[in-house]
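Protein chains in written order, with the numbering used here: chain A, 1 to 341; chain B, 1 to 341; chain C, 1 to 341.
Check the hints yourself; a few may be wrong.
The list makes no distinction among identical chains, and a pair is therefore deemed to hold if it is satisfied within one copy or across any two copies.
What the hints assert, rightly or not - Below are the DSS-like pairs computed for lysine-lysine, each with C-alpha atoms no more than 27 angstroms apart in a straight line: (1) Lys25 / Lys57; (2) Lys25 / Lys202; (3) Lys206 / Lys57; (4) Lys206 / Lys25.
These are computed hints drawn from the structure, not numbers from a lab.
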Amino acid sequence: MPDPRFFDRAGPFTLDALCGMSGAKLLSPEDRTRVFSDVAPLETAGPTDVSFLENRKYIDAFMGSRAGAAFVDENAAERAPPGMALLVSVEPYKAYALAAQAFYPNPDVVARRAPSAIINPTAVVPDDCEIGPNVVVERGARLGRRCHVGPNTVVAAGVEIGDDCRIGSNVTLSHCLIGSRVVLHPGVRIGQDGFGFAPNPKAPIKVPQLGRVLIGDDVDIGANTTIDRGSGHDTVIGAGSIIDNLVQIGHNVVVGRCCILAGQVGISGSTRLDDFVMIGGQGGLAGHLHIGRGARIAAKSGLMRDVPAGETVCGSPAVPLTDFMRQTAVLQRLAKKKGRS
Amino acid sequence: MPDPRFFDRAGPFTLDALCGMSGAKLLSPEDRTRVFSDVAPLETAGPTDVSFLENRKYIDAFMGSRAGAAFVDENAAERAPPGMALLVSVEPYKAYALAAQAFYPNPDVVARRAPSAIINPTAVVPDDCEIGPNVVVERGARLGRRCHVGPNTVVAAGVEIGDDCRIGSNVTLSHCLIGSRVVLHPGVRIGQDGFGFAPNPKAPIKVPQLGRVLIGDDVDIGANTTIDRGSGHDTVIGAGSIIDNLVQIGHNVVVGRCCILAGQVGISGSTRLDDFVMIGGQGGLAGHLHIGRGARIAAKSGLMRDVPAGETVCGSPAVPLTDFMRQTAVLQRLAKKKGRS
Amino acid sequence: MPDPRFFDRAGPFTLDALCGMSGAKLLSPEDRTRVFSDVAPLETAGPTDVSFLENRKYIDAFMGSRAGAAFVDENAAERAPPGMALLVSVEPYKAYALAAQAFYPNPDVVARRAPSAIINPTAVVPDDCEIGPNVVVERGARLGRRCHVGPNTVVAAGVEIGDDCRIGSNVTLSHCLIGSRVVLHPGVRIGQDGFGFAPNPKAPIKVPQLGRVLIGDDVDIGANTTIDRGSGHDTVIGAGSIIDNLVQIGHNVVVGRCCILAGQVGISGSTRLDDFVMIGGQGGLAGHLHIGRGARIAAKSGLMRDVPAGETVCGSPAVPLTDFMRQTAVLQRLAKKKGRS
Numbered sequence: 001m002p003d004p005r006f007f008d009r010a011g012p013f014t015l016d017a018l019c020g021m022s023g024a025k026l027l028s029p030e031d032r033t034r035v036f037s038d039v040a041p042l043e044t045a046g047p048t049d050v051s052f053l054e055n056r057k058y059i060d061a062f063m064g065s066r067a068g069a070a071f072v073d074e075n076a077a078e079r080a081p082p083g084m085a086l087l088v089s090v091e092p093y094k095a096y097a098l099a100a101q102a103f104y105p106n107p108d109v110v111a112r113r114a115p116s117a118i119i120n121p122t123a124v125v126p127d128d129c130e131i132g133p134n135v136v137v138e139r140g141a142r143l144g145r146r147c148h149v150g151p152n153t154v155v156a157a158g159v160e161i162g163d164d165c166r167i168g169s170n171v172t173l174s175h176c177l178i179g180s181r182v183v184l185h186p187g188v189r190i191g192q193d194g195f196g197f198a199p200n201p202k203a204p205i206k207v208p209q210l211g212r213v214l215i216g217d218d219v220d221i222g223a224n225t226t227i228d229r230g231s232g233h234d235t236v237i238g239a240g241s242i243i244d245n246l247v248q249i250g251h252n253v254v255v256g257r258c259c260i261l262a263g264q265v266g267i268s269g270s271t272r273l274d275d276f277v278m279i280g281g282q283g284g285l286a287g288h289l290h291i292g293r294g295a296r297i298a299a300k301s302g303l304m305r306d307v308p309a310g311e312t313v314c315g316s317p318a319v320p321l322t323d324f325m326r327q328t329a330v331l332q333r334l335a336k337k338k339g340r341s
Numbered sequence: 001m002p003d004p005r006f007f008d009r010a011g012p013f014t015l016d017a018l019c020g021m022s023g024a025k026l027l028s029p030e031d032r033t034r035v036f037s038d039v040a041p042l043e044t045a046g047p048t049d050v051s052f053l054e055n056r057k058y059i060d061a062f063m064g065s066r067a068g069a070a071f072v073d074e075n076a077a078e079r080a081p082p083g084m085a086l087l088v089s090v091e092p093y094k095a096y097a098l099a100a101q102a103f104y105p106n107p108d109v110v111a112r113r114a115p116s117a118i119i120n121p122t123a124v125v126p127d128d129c130e131i132g133p134n135v136v137v138e139r140g141a142r143l144g145r146r147c148h149v150g151p152n153t154v155v156a157a158g159v160e161i162g163d164d165c166r167i168g169s170n171v172t173l174s175h176c177l178i179g180s181r182v183v184l185h186p187g188v189r190i191g192q193d194g195f196g197f198a199p200n201p202k203a204p205i206k207v208p209q210l211g212r213v214l215i216g217d218d219v220d221i222g223a224n225t226t227i228d229r230g231s232g233h234d235t236v237i238g239a240g241s242i243i244d245n246l247v248q249i250g251h252n253v254v255v256g257r258c259c260i261l262a263g264q265v266g267i268s269g270s271t272r273l274d275d276f277v278m279i280g281g282q283g284g285l286a287g288h289l290h291i292g293r294g295a296r297i298a299a300k301s302g303l304m305r306d307v308p309a310g311e312t313v314c315g316s317p318a319v320p321l322t323d324f325m326r327q328t329a330v331l332q333r334l335a336k337k338k339g340r341s
Numbered sequence: 001m002p003d004p005r006f007f008d009r010a011g012p013f014t015l016d017a018l019c020g021m022s023g024a025k026l027l028s029p030e031d032r033t034r035v036f037s038d039v040a041p042l043e044t045a046g047p048t049d050v051s052f053l054e055n056r057k058y059i060d061a062f063m064g065s066r067a068g069a070a071f072v073d074e075n076a077a078e079r080a081p082p083g084m085a086l087l088v089s090v091e092p093y094k095a096y097a098l099a100a101q102a103f104y105p106n107p108d109v110v111a112r113r114a115p116s117a118i119i120n121p122t123a124v125v126p127d128d129c130e131i132g133p134n135v136v137v138e139r140g141a142r143l144g145r146r147c148h149v150g151p152n153t154v155v156a157a158g159v160e161i162g163d164d165c166r167i168g169s170n171v172t173l174s175h176c177l178i179g180s181r182v183v184l185h186p187g188v189r190i191g192q193d194g195f196g197f198a199p200n201p202k203a204p205i206k207v208p209q210l211g212r213v214l215i216g217d218d219v220d221i222g223a224n225t226t227i228d229r230g231s232g233h234d235t236v237i238g239a240g241s242i243i244d245n246l247v248q249i250g251h252n253v254v255v256g257r258c259c260i261l262a263g264q265v266g267i268s269g270s271t272r273l274d275d276f277v278m279i280g281g282q283g284g285l286a287g288h289l290h291i292g293r294g295a296r297i298a299a300k301s302g303l304m305r306d307v308p309a310g311e312t313v314c315g316s317p318a319v320p321l322t323d324f325m326r327q328t329a330v331l332q333r334l335a336k337k338k339g340r341s
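If we strip away everything but chain A, and leave its shape as in the complex, we get (with noise of 0.2 angstroms):
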């Protein structure tokens, strides 16, 4: 079970409640009373756990588990270990991340202001938001209903937060106008300059960075990642997207609706992401480019031109995903005559 020093656990629920939470449909009906108080991996799980298998990877995992119940697909449910109670669902992911949710709320919001935050008269904190120690909050700052924001962060001049917000720790906010239910992760660095120079024989020459930063609703953003502001336009990042951590997104990048962006990805300035566009780790792309809708740009790519609407790219320079097997194939046979010859 999740350690207690750091998780507060809800339920027990019944398979009848985890179905109705979840959109899961039970495979044998007589299972619905069966009260089950707590979720675990395949390999750790009890009898009163619910678990799930999606990764064939892990298709071993699942026939010696000792799990109560779990979340399957219907394929995986004629391989499941005697007696486990089968949830079924086209998204077995997405029905158990449902009924973890159940078990594992997110903690309330308390009310409370840490005697040590330092908040300027005229900034705008919420009497149910939860502020940590040291927290500074500057001149103008708003931020909405309940939300959390953990110790020593700062909200420079000016910044606006939604409801809902759960800031973590050792965060920097500046020039920017965040959504509600926004979730950032320590280390977050969002609004400072982007990177505007003008080349100069002596040193180069800065060029204001006039825009701001624009945060939509339900976005998260992973630890030490960096997001610059607009240098005229503002830098975007739609609502419902996702970011890993160490990402580097530069001022007047666009990121559109429910993209997600994996671990220390990187963005040029000016680059434009339409909706559901999806970076492996890694990936790099370079400035002044439109990704179109629901592209895939793989791990590690780099990327130097557009790619259309639902394409998949991988490599460096990056090229459309048959076209980077056949080169990798090519070089392999090659590779391998050189090895014989």
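Following the hints, put chains B and C in place on chain A, whose structure we already have.
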């Protein structure tokens, strides 16, 4: 116009004045007394805004712009929409930068020491500095005149900082000597131990890191960038160099004057860059290399060898640009053949 | 000599004593009573300094050095300048490291609790710890004996830390159990949510992250590195492992004992490294992989598959080193042909 919650505007200025400060020339001298109140991007500028065109990708935006004036090069002049005053320069982006600095000068440093700042009695912090809340300045550290230090930043024992530096929030400085007019963005880490370990069966043996970090004048360092101190020699960043976000600089690295390192670049220990070197985003350099003056290392390159002055390299392992382009072309042709066969 | 503003020196030591602590042997036993006061790099060392030669790239510096003594291997001995005492070792860098630790031991931890530190009454912080200004230790957290915690660091609820740890400034720790003698550099983030989301049309659904981060003894973690907690299993860093700056470690990753991860490495979720694995700078690993004991993954590699014990891989997608070298050679030859034709 830039959001007044975040930016304070100066001006207005006549075109004559803007020419004076930027070195541009008015195409139609009769425009010289026209008065402008702001700068703005081509797409959003109005009749009293000055804009600019540098990247030809935005020529359509230029032709459709309502900007009252724009910095341009000679060639663009004939594509300008009617009524737009043209400020002609061989370097329109630089000219724009200088004008924008006039409209939006750096905010004055306000002599102020937050009551919550913790400054060791042996540290030197001039009265004209602006020291934010919860700043920690340890034993024997010395700041120059008119420095701005953001909230929750730590200046460790013995660190020296020149005049007119702007240091962001949540920064950590140790074992370093910093010049004047240096800008450090939030979350920068300077002076921590380098990655020095001797192999050993039980656990690697730490090699004491006994050097410093020396930062020249007019250096600008991006958010969450890390610069390790030297192991015996110093790590050095030359005057006028510009370093973007999330860059990693290893121990004993020497960066020359006016180098430009884009986001997520990594430079391994003891590599030396001469002056005016440029490295594109996510470029990685092995250790103990020498990069000649004015060399350019393309984005995403993996560099394993020295680079002579003035050369451009690309790829991983990085090769001269011409070779890289040939390699890419050959591979694409072979892959295409394979696709057809 | 190392800058006395930053470093306190012990000693002096006789060569006899230095041999005793480092395991090196004096080439000329008559030198045993000579006394040395410091360590220094070959280029700057003087007659009372001890230096070392390990990398043959620096043989010229060695031959021209004024160092009074140097750690070397047998082969280098005959190239030494006259008068230099030679401390011969099969591992001269390791021997130097041990001697340098004697001259520059870690500063003692001074039992002290800054008045501005905010320590929850239910937390356990022994009196012999050194707790910097503005440190926050939350409910139920426990520190071991003689820990040093730098300014503005946050130790969240329930975290446990062993003895003799050195934790830098502006660090954030949550949901983790940390061993003894662990070193965490500034800006490290440990224990935040992993990147767990189930796809969903409106906005991805967050999967509760219910595991922890377990850090073994003698681990060293670089500045601004991020380690996410497990999703159900724990994320684990094995004893004696060394992690450089700006590294990203995803949820459920298991790193074995004495692994070495260079700067900006990224490891995706649920990948397992056995003991003694090395990953070069900017190396990226896909999720759910297994890397065998002692495997080496070259800098900048993009790894998509398991790696057997002892194998060295390189490239993106990464292949065994021999294959990579063949691929590179073939491609260069073909490109050269094209260039000539």
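Practice task
Give the relationship of Lys206 and Lys57 under a CA distance limit of 27 angstroms: within one copy only, between copies only, both, or neither.
Solution key: between (51 angstroms within a copy, 22 angstroms between copies)
Problem - Copy assignment of Lys206 with Lys25, given that the CA separation must stay at most 27 angstroms - result: between (60 angstroms within a copy, 21 angstroms between copies)
Problem - Lys25 and Lys57: within-copy, between-copy, both or neither at 27 angstroms Cα - result: Close inside one copy (24 angstroms), not across copies (53 angstroms); limit 27 angstroms.
Exercise for the section: Check Lys25 against Lys202 for me: Cα-Cα at most 27 angstroms, and say if that holds within a copy, between copies, both or neither. Expected result: Only across copies: Lys25 and Lys202 sit 22 angstroms apart there, 69 angstroms inside one copy, limit 27 angstroms.
Violated hints are absent here; each numbered hint is respected by the structure.
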